[in-house]
Structures are given as structure tokens and as C-alpha cells.
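K.L.:
Chain by chain, the residues:
Number of protein chains: 2
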Amino acid sequence: MEGISKKIYLELDAPTEEDSRSDQKRILDSLEKDGISAVMSLAVIKKLYPLCELADWKLTVSLGWDGSIWQIVDVEAGNTVCRHYGFAVDLGSTTVVTRLVDCETEECLCEVSQYNRQIAFGTDILTRIFYEKDNEAARKEIQAATVETICGNLKEIEEKTGISSCKEGIQMVISGNTTMIHFLLEMDAFCVFSTPYAVHADAPGFLRGTDIGIPIKGYVYCIPGKSNYLGGDIISGMLATQMYKGEEISAFFDIGTNGELVIGNREFLLCGAGAAGPALEGGVVHTGMRACDGAVDRVKIENGKCRCHVIGEGKAKGICGSGIVDLLAELFLNGWINIKGKFQPDKSFLIQEKEGMLCVEYEKGLYFYQDDIDEFLKTKAAAYTMVEYMFRESGISMKELGRFYVAGAFGKHVSKESAITIGLYPDMDREHLVSAGNSSLEGAQKLLLQKELLNDIEEILEKMVYVQFGAVGDFLQMMVAAQAIPHTDMERFPTVASALYTLRTGENRVQCSRRTTESRWIE
Amino acid sequence: MEGISKKIYLELDAPTEEDSRSDQKRILDSLEKDGISAVMSLAVIKKLYPLCELADWKLTVSLGWDGSIWQIVDVEAGNTVCRHYGFAVDLGSTTVVTRLVDCETEECLCEVSQYNRQIAFGTDILTRIFYEKDNEAARKEIQAATVETICGNLKEIEEKTGISSCKEGIQMVISGNTTMIHFLLEMDAFCVFSTPYAVHADAPGFLRGTDIGIPIKGYVYCIPGKSNYLGGDIISGMLATQMYKGEEISAFFDIGTNGELVIGNREFLLCGAGAAGPALEGGVVHTGMRACDGAVDRVKIENGKCRCHVIGEGKAKGICGSGIVDLLAELFLNGWINIKGKFQPDKSFLIQEKEGMLCVEYEKGLYFYQDDIDEFLKTKAAAYTMVEYMFRESGISMKELGRFYVAGAFGKHVSKESAITIGLYPDMDREHLVSAGNSSLEGAQKLLLQKELLNDIEEILEKMVYVQFGAVGDFLQMMVAAQAIPHTDMERFPTVASALYTLRTGENRVQCSRRTTESRWIE
Chain A
484 MEGISKKIYL ELDAPTEEDS RSDQKRILDS LEKDGISAVM SLAVIKKLYP
534 LCELADWKLT VSLGWDGSIW QIVDVEAGNT VCRHYGFAVD LGSTTVVTRL
584 VDCETEECLC EVSQYNRQIA FGTDILTRIF YEKDNEAARK EIQAATVETI
634 CGNLKEIEEK TGISSCKEGI QMVISGNTTM IHFLLEMDAF CVFSTPYAVH
684 ADAPGFLRGT DIGIPIKGYV YCIPGKSNYL GGDIISGMLA TQMYKGEEIS
734 AFFDIGTNGE LVIGNREFLL CGAGAAGPAL EGGVVHTGMR ACDGAVDRVK
784 IENGKCRCHV IGEGKAKGIC GSGIVDLLAE LFLNGWINIK GKFQPDKSFL
834 IQEKEGMLCV EYEKGLYFYQ DDIDEFLKTK AAAYTMVEYM FRESGISMKE
884 LGRFYVAGAF GKHVSKESAI TIGLYPDMDR EHLVSAGNSS LEGAQKLLLQ
934 KELLNDIEEI LEKMVYVQFG AVGDFLQMMV AAQAIPHTDM ERFPTVASAL
984 YTLRTGENRV QCSRRTTESR WIE
Chain B
484 MEGISKKIYL ELDAPTEEDS RSDQKRILDS LEKDGISAVM SLAVIKKLYP
534 LCELADWKLT VSLGWDGSIW QIVDVEAGNT VCRHYGFAVD LGSTTVVTRL
584 VDCETEECLC EVSQYNRQIA FGTDILTRIF YEKDNEAARK EIQAATVETI
634 CGNLKEIEEK TGISSCKEGI QMVISGNTTM IHFLLEMDAF CVFSTPYAVH
684 ADAPGFLRGT DIGIPIKGYV YCIPGKSNYL GGDIISGMLA TQMYKGEEIS
734 AFFDIGTNGE LVIGNREFLL CGAGAAGPAL EGGVVHTGMR ACDGAVDRVK
784 IENGKCRCHV IGEGKAKGIC GSGIVDLLAE LFLNGWINIK GKFQPDKSFL
834 IQEKEGMLCV EYEKGLYFYQ DDIDEFLKTK AAAYTMVEYM FRESGISMKE
884 LGRFYVAGAF GKHVSKESAI TIGLYPDMDR EHLVSAGNSS LEGAQKLLLQ
934 KELLNDIEEI LEKMVYVQFG AVGDFLQMMV AAQAIPHTDM ERFPTVASAL
984 YTLRTGENRV QCSRRTTESR WIE
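Chains as they are written, first to last, in our numbering: chain A, 484 to 1006; chain B, 484 to 1006.
For the record, the hints were derived by calculation from the structure and aren't laboratory data. Check before you lean on any hint, since a few could be wrong.
Treat identical chains as interchangeable: a pair holds within one or across any two.
[Stated by the list, open to error] In silico BS3-like links for lysine-lysine, alpha-carbon gap of 30 Å or less:
| no. | residue 1 | residue 2 |
| --- | --- | --- |
| 1 | K508 | K934 |
| 2 | K623 | K508 |
| 3 | K530 | K825 |
| 4 | K728 | K530 |
| 5 | K895 | K823 |
| 6 | K508 | K650 |
| 7 | K530 | K623 |
| 8 | K946 | K529 |
| 9 | K946 | K508 |
| 10 | K508 | K616 |
| 11 | K946 | K650 |
| 12 | K529 | K934 |
| 13 | K638 | K728 |
| 14 | K825 | K541 |
| 15 | K516 | K847 |
| 16 | K882 | K847 |
| 17 | K508 | K728 |
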């Protein structure tokens, strides 16, 4: 498998009066024999003497693909082929994750993450954009913060592994949404969120690392995006899941501040984005918080009591996305809320009235309010409707859905069962409901190791058809129907209906066989 | 004709919600429609906003060929296609000449020259090489001096024309010998003159101007060389004369400190280099000097007197190459020296003995000595023998020689008649003996305007066969025969024999018809 970098060991003949080819030509000719047409960077030209002689013409060249040709970006004495490294970066708006990849063994040697230093200019993207909009100096600050975060990762990797990016790193692949790429390259990102939503550059391609301040020998490739809301992180997810290659129809859902959805197979790719919303990340509920120490991330109602799992095993301070999904599912299955999500105060003494509103005390001193539920259900309805609408648009029944990939932290931490119970995910074979993990990072790593994926990216971008959700007449109507738990049309959620029946009657219904015996505490 | 840069005016549709392609894609798509596959540099990506909007999507893009693909290196508002400039540089060891070329009209708008600031590190190349050999700091100084000289030229051009290289220059082509290119790129040039004569890099290709400190938007292309002594200046001469394209067999002779010779046609190219020597430039004779103010550059003997022309019309201080060639021819035609170049004291009272040696007082107080003549004849013999030997090597009679190009200042200033009379040039139809002028610069300009010449260069390098003069047994023997004036074998110089006959007898011989009535005072 050929990646976007190469290291090749050459044993060359020393020059003689009969064969007085230049050092440069000697190297290029040798590569040409191996079928590699390359050019030599100025840095390497300067390094040839006295290196070639001292190394007795036993050399290792490092090559980086620049989008058009192989560039020789370094030359070293002796055989260093086994020290061949690259970097994959998931440039998230909150967290930046970097992997050191051994391009010989194709293994990830180290993964580190840091908060994105852009946060200094606003915790949410829009604040950052308003900070840099039409303000060149601010844009430079944000660019610098972005690069510093990546460099911080590289430094941490060097501390952990002894492998220095500037001494041994050839290429880097960065995957990030359109705003992040605009920030990285010092572009005004206001365009991402303002009509007509035409961004400045979505395919920067291969840039010299040193041009943007990233200390590697070769190039930084930013995975291109499709549109303002469908950035390189989603295209990278396509590379990770390979769903554009199969016959089976898959859906790829990245739920974060925004929700981005792609459905399709090797024949077609429909994509869209919408405000799945911060609600799902615990952003708008009264006691919502990020999934960090002190957050309730798992909830189970047993014998009339709420049992919560707290991240870090300490005192609970609030509840994060996966905790909320669990909580709602449990409240519903136990009848504490009805199909419309309304509290049934007679079902538990934990349901109280505070500040003129019903709420449940899910943990001592922590309350989940009726308006928290209402808000959350709107968001989950929006997310579900995106999927539903997209299927309708493609003329395909949701029953034909092969795999449903859920990307990101949400996909990794949220319980499948709970998410189906509340109608956030479609009711389907659990085996085919797959957490895609950090697919943005996975795709970046894949590209680092597989150059031909550059063609796949062209193919994906070509094939993708963008669907504007806002533009459709009955999207709102569909969304209202989806605000029920799990849905106004219970037929769509047979296993939820079955579970309910069991819980209420103690008997199993036939469809229940699809339900797995997943333990939400272990997952 | 397509050059290595382009300016293209685009009238693009403004983005709408229906067509929300990125600014970048909008530009690339439009170029693609014109059949141009291009990539966008980071500098341009950063410049897109707010430029595109302010310019109402009427833009001019500047493209520079990078050796593999068209790079968009600038974007400007409005139609600036008519302001499309490039630079051609002859990087000589003594003088650096730069031309500003209008790439639309293909005209040279301005030509300036300066002494190469490397001279601060040695007037001759070898001194400079010994200065920088294995001394990185010195190498950096020489590199800086080289770039400063080119930048000095660019500044002078800007002062004269108002056209700034960094604001409006796209590409630059530099033609120089192998040592000059090594100096420009901070490479140790000792390899050029030391066995096994394998240099470090002879084909640096397209380098970003800013990487080597040259303020242009795009790339600097250094014309590649064939070997240590046959540098880019000679390859550039090939482009200028196009002798590798015709059926006619031509010779190209660049006489400077070294002599470089190429003979051939579209079928073959033989090349070689040898110490034609500083003698020809007036370097080793007692009163020799460069062709500047105070140098005798033309000599005629009339009525027993030497009539000299002095550059700058002032008092003579010495004699330069063209003056020496004239002087020797006149001494010989008037019988003051014999066929072996020995003074005949009885022929003129101007022939005297000074410091135990015969000499001629060619100008009041200025003497040309017997050992000056002997030295010069050795050099002219070496030069002639290179041509003769090369023909013999190729199995072609010198009678088949179509054109004889003499490059550089020597070719421009030396009288053809005198050079033939002393046997420096072969005795041939004067119309076919052509001064190629500054063919190094001409070739660079041609390449700037004609991208397909890049293929020609590959073809030339492929076709060229290097002949080692030192390696042949009878080279020395041939050279001894060529030390006579014009040659031991007078049959080779029929028009000289005829001229001699006329002068001595007052009658014309038949061959004389070939002799032109050239005035050496006007040429």
C-alpha cells in the first residue's frame, strides 16, 4: 500500500570521471529506475554535500507527495527506512487530537489531545468568528493559536516517543470542519455561517508544513470539504467507513454542535446538515455539562430509584449527553414521562415541582426540568427527521438501511438502546448500528497511508448531493411527529414497543428477539 | 505561444445559495473550462476575501508553472492581463544582466547589468571557490552577494520602468554556468573543478523565488547544465540558436575564461570544454586588460604605422581581446611576424628589444612582447583544435560546417576577418560565421516565453555527448600544428593565403572572392 510519503534506501555508485553525473541526478536516476519520478527540494540540494560522500553513497531519501509529484524533502545517511513517520490530526473546535503514525508498520504509535487554544477567543465557534470577522490581526491570533495547539500535540508526542516532527516527520493530514480549516489558513470564516454560504477555500490541498508554521519536512494535506457545513471531517469519515464503496446503503451521522448526515452507497451519496444542536451535548439543559469529571454519563432506574454513574467516580456536578439520553429512556420506560415527554408526577416521589416547573431529582440536589426535556426532544426530533427525510428524498425505505454509523464522542458514549428508546436512532439491528469512533482522525490516518484515497476524495465530492433541509415544506411537520418518544408512529420502533409491553406486562413480544442484552454499564 | 507564466482575466458569477461553490472552486472551475488545471497557492487563498467581492468577481489570476502544474500565484481585481511581466537573467561570473520582459508582447522592455557582487570574494572563480570551500558561512556570503546582485538589477529596472518585481513579476529564468548556479543555491562549488568532476546539482528546476530571496510572485527556473564545464549558459545558448533543430551542422563556441564548444544538428550534439583561456580575454599579456575605457580594441597597420582605436576615445592604457586578435592579424599580414609568430625586426622600427625580449610598440609606451604572442597562439591553437578535433570525432568534414556561432562578448567584438587570419576561427563563408550575442540571456528570455522549450532542454541534455579533450592521444599534436598563423596546413585557410598573396604581390587570387569588404572600424 502506497502512502503519501515514502522512504527509500539507495546504494549508489560513487562518481568517477567516467560517470560524473551530479549527486542530484545520481539520486533521481536511481529513483527513476524504481519507477518514481521525483524532484528535489532546495533544502535537500543544499544538504547533498558533504552528506553523500560521508555516507559513502548509502542514503535514504524521504519523499512527500505534493499533489502533483514526489518531492524529495530530506536525505539521510545510511538506511533509515524503518524510521518513517507521519501525523494525522483531527482539528476539532474543542479538542485537537494528533496521532503519530509509523508509516512502515501502519501502526499508530501515540495519540495525544489538547483543548484547541482557539477557545481563548470563544468557547463556541460563532464567538470566534465574530472576533476575527474583518479583523486581520484577530485572524492572525486565531491562526497562531490553532498552529500552536497542533505544535503542542507534536511536542507532547516527542516527549512521549522521542520522535521529533521536524527531524523525522514527513507528511501530516489534517481533518477539520470548514471553519477550522479557515482558521488554520488565516481565512475569514464568517462566510461559513452567512448567506449565500459560499466559503473562501474548501480544498487547500497540499501545503508546505513550514508555510503554515508546522514543523514537518514535507506537506500538510487538509482533507477538502463539500460545503460550508460539510467539511473535511465528514469527508474523512467517508474514508474511514468506506461507505461510498459498498452496495449496502449506509448512513453516517456526526452529532455534535451541528449534525451532519450522509446516506448512500457506491451509487449515490446524499448529504445534509442541520442544527442537531448543543442540546445533545448537554449544552442547554439546566444542569448540563461536558463529558468530564463529575458528569453523570449513565442512568438506570431500578426499584424506583435513579442510579447514576459519574465520570471520575466522584460527586456528581451535572449531566452530559449520554447521561441525558439514558435518563430520558429510563424515565419513559418506567412511565415517569409519557410519550410526549411530560412528567407523570404520580409515578415517583422524585418528580417534584421547583420554581413553578416539574422536574426529576436524578441525583441528590440535581434536577432535570420539564423544559430541559422539551428542548432535548426538539433536538432529537430534528436529528431523527434529518435521517427520515433523507431516506424519503432518495426514495429508499429506511428498512433498506444497512449500517448506521454514528461518529464522534456521541456515537462512542451514548447507549444504543437508550438512543433507540427515545427515538434518536432508528430502530434497527443493533449489530448494524456502529460507533464510527473518531472517524475524522481515522480517515486522516488512512489517507496518510493510502495515497489512492486522494482519488476517492474526488469521487466522493463529485458524487455528494447536498440536501437543504430548511428548504422543504413538510420538514417541520415531520419533526413535530418525531418529538414524541420514541415517535408518534410507534410502528417505526417495534423493539421499543416490545420492551414497553414486556415492562408493563412482564411478557415478551415476538419482535423483542432483536433487542440485545447489552449492559449499558459496561459498554 | 505559451510561456511559463500566464495571466487570465475571469468574469465569474457571484455566489448564490443555489451555487455556493467556494471562491477557490469558482476560480479553479473557470480555469478548468479553459483547459487549465491549476492549484492555488496559500498566499492567494488568504487574499480571496474580501478581494473577490470588492472586485465584483472580475478578477485576473497570475499563474506560474512550477515544473509539474500551474500554480495560481496571485489574484488581482479587474483586468490586468496587459501587465504581465517576467525576468531573464544571465548570471555571469563578472557581470549579471537582467531583462524585464513583457510576456504579452514578448518584448524586452529594459535591460540592465551590474558587476557580480561575488567579485568581492575574488575576481576569478577559483578564488571564490577556495573562499567558500567547506566553509558554510562563506558560502552564505557568496549566495547573498549573488542574490543581491540580481535584486540590484531588479531595483534598477523598477527605477527605470516603474515595474516592481515583487508586485508584478511572475517568473524568472536564470542562465549561468555550473559554478554560478552552485553559488546561487548555496552549494559548495569545489566539485566543479576537482576530480571526478561530479557536481552537486545541475538541474535545480523551478524554485520558489522567495525561497532563495528573489522577490517575485512565482518561480525561478535555473536552466540545467550538462556537466561541470557545460552549464546552463551553454544549454541556454542552444535554445537561443536552435541549432539542435536544424539539418545543417552548426558549431557553437563560447569563448571566455573557458571555451565551451558544441557541434551538431537535430541528429547529434557533441560537446566539450577546455581552457581556451584568459589569454583570449587579454588576461595574460603584459599590457592586457578587460574591454573597458582605455583599452585598445581595434588595430590596423597602415603605412608602417600602428593605428589603434581606444574604448572611450581617451588615452590607451592597454589592450583587450579584440585588440590583440587585430594586432596579431595585422602583424602577420604585414610580415612583421612570421608564420610561427616570431618577430621579424627588420620589417619595422616599431619592433624593438626591451628587457631582453623582442616586442612591438603598438601604441606610444605600450608594448606587445614575443612571449605574449607565444602564449596567445597556444590559446588560439587550443580553441581551434577543439573545433577541429570535435569534427574529426564526429566523422564530419569541417567543410560541412553550416553555421559557426560565437557567443558572448568575444563573438560580438572580435573582428571575424582578424580571427580567421590568425587561425582562431575556421576559414569559412563570413555570412555563416555568426555572433550569437548574449545567447545565455537570449535563451533564458526564450524559455520565459515558450514553455515547450522545457521539453527541448530534456532533448538537448539527452542528446549531448561529452567529449573529454584531455583524454585523446593526438590532441596535443594537433594543437602544435595549430600554433602557426593561421595553421601549419595553409590549405585550411584559403582566403588567408589569398589575402597574403594579394598583399605581397598586389594581385588577387580566385578564392579571394569569399573575403568580404568588412570594415573593422565600424563593426
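K.L.:
If a hint holds in the structure, say so; if it does not, say that too.
P.N.:
Hint check results:
1. In this homomeric assembly, K508 and K934 come within 30 Å of each other (Cα to Cα) both inside a single copy, at 26 Å, and across copies, at 22 Å.
2. For a Cα distance limit of 30 Å, the shortest separation of K623 from K508 across copies, 24 Å, qualifies, whereas the shortest one inside one copy, 41 Å, does not.
3. Proximity of K530 to K825 under the C-alpha cut-off of 30 Å is found in neither arrangement, the shortest distances being 72 Å within a copy and 54 Å between copies.
4. Within a single copy, K728 and K530 get their C-alpha atoms no closer than 44 Å, and across copies no closer than 37 Å, so neither meets the 30 Å cut-off.
5. Taking the shortest alpha-carbon separations for K895 and K823, only the intra-copy value of 27 Å comes in at or below 30 Å, while the best inter-copy value is 97 Å.
6. With identical chains, the CA atoms of K508 and K650 are at most 30 Å apart within one copy only, with a shortest distance of 25 Å there and 35 Å across copies.
7. In this homomeric assembly, K530 and K623 come within 30 Å of each other (Cα to Cα) only across copies, at 14 Å, whereas the closest approach inside a single copy is 33 Å.
8. Taking the shortest alpha-carbon separations for K946 and K529, only the inter-copy value of 28 Å comes in at or below 30 Å, while the best intra-copy value is 44 Å.
9. Taking the shortest alpha-carbon separations for K946 and K508, only the inter-copy value of 16 Å comes in at or below 30 Å, while the best intra-copy value is 42 Å.
10. In this assembly of identical chains, K508 and K616 lie within 30 Å of each other by CA distance solely across copies; the values are 22 Å between and 49 Å within a copy.
11. In this assembly of identical chains, the alpha carbons of K946 and K650 never lie at most 30 Å apart, being 39 Å within a copy and 40 Å across copies at closest.
12. Taking the shortest alpha-carbon separations for K529 and K934, both the intra-copy value of 28 Å and the inter-copy value of 27 Å come in at or below 30 Å.
13. Proximity of K638 and K728 under a CA criterion of 30 Å is satisfied in neither setting, with 37 Å inside one chain copy and 57 Å between copies.
14. Neither within a single protomer nor between protomers do K825 and K541 lie at most 30 Å apart by alpha-carbon distance, with minima of 75 Å and 58 Å respectively.
15. Proximity of K516 and K847 under a CA criterion of 30 Å is satisfied in neither setting, with 73 Å inside one chain copy and 66 Å between copies.
16. Neither within a single protomer nor between protomers do K882 and K847 lie at most 30 Å apart by alpha-carbon distance, with minima of 42 Å and 110 Å respectively.
17. Proximity of K508 to K728 under the C-alpha cut-off of 30 Å is restricted to the inter-copy arrangement: shortest distance 25 Å between copies versus 41 Å within a copy.
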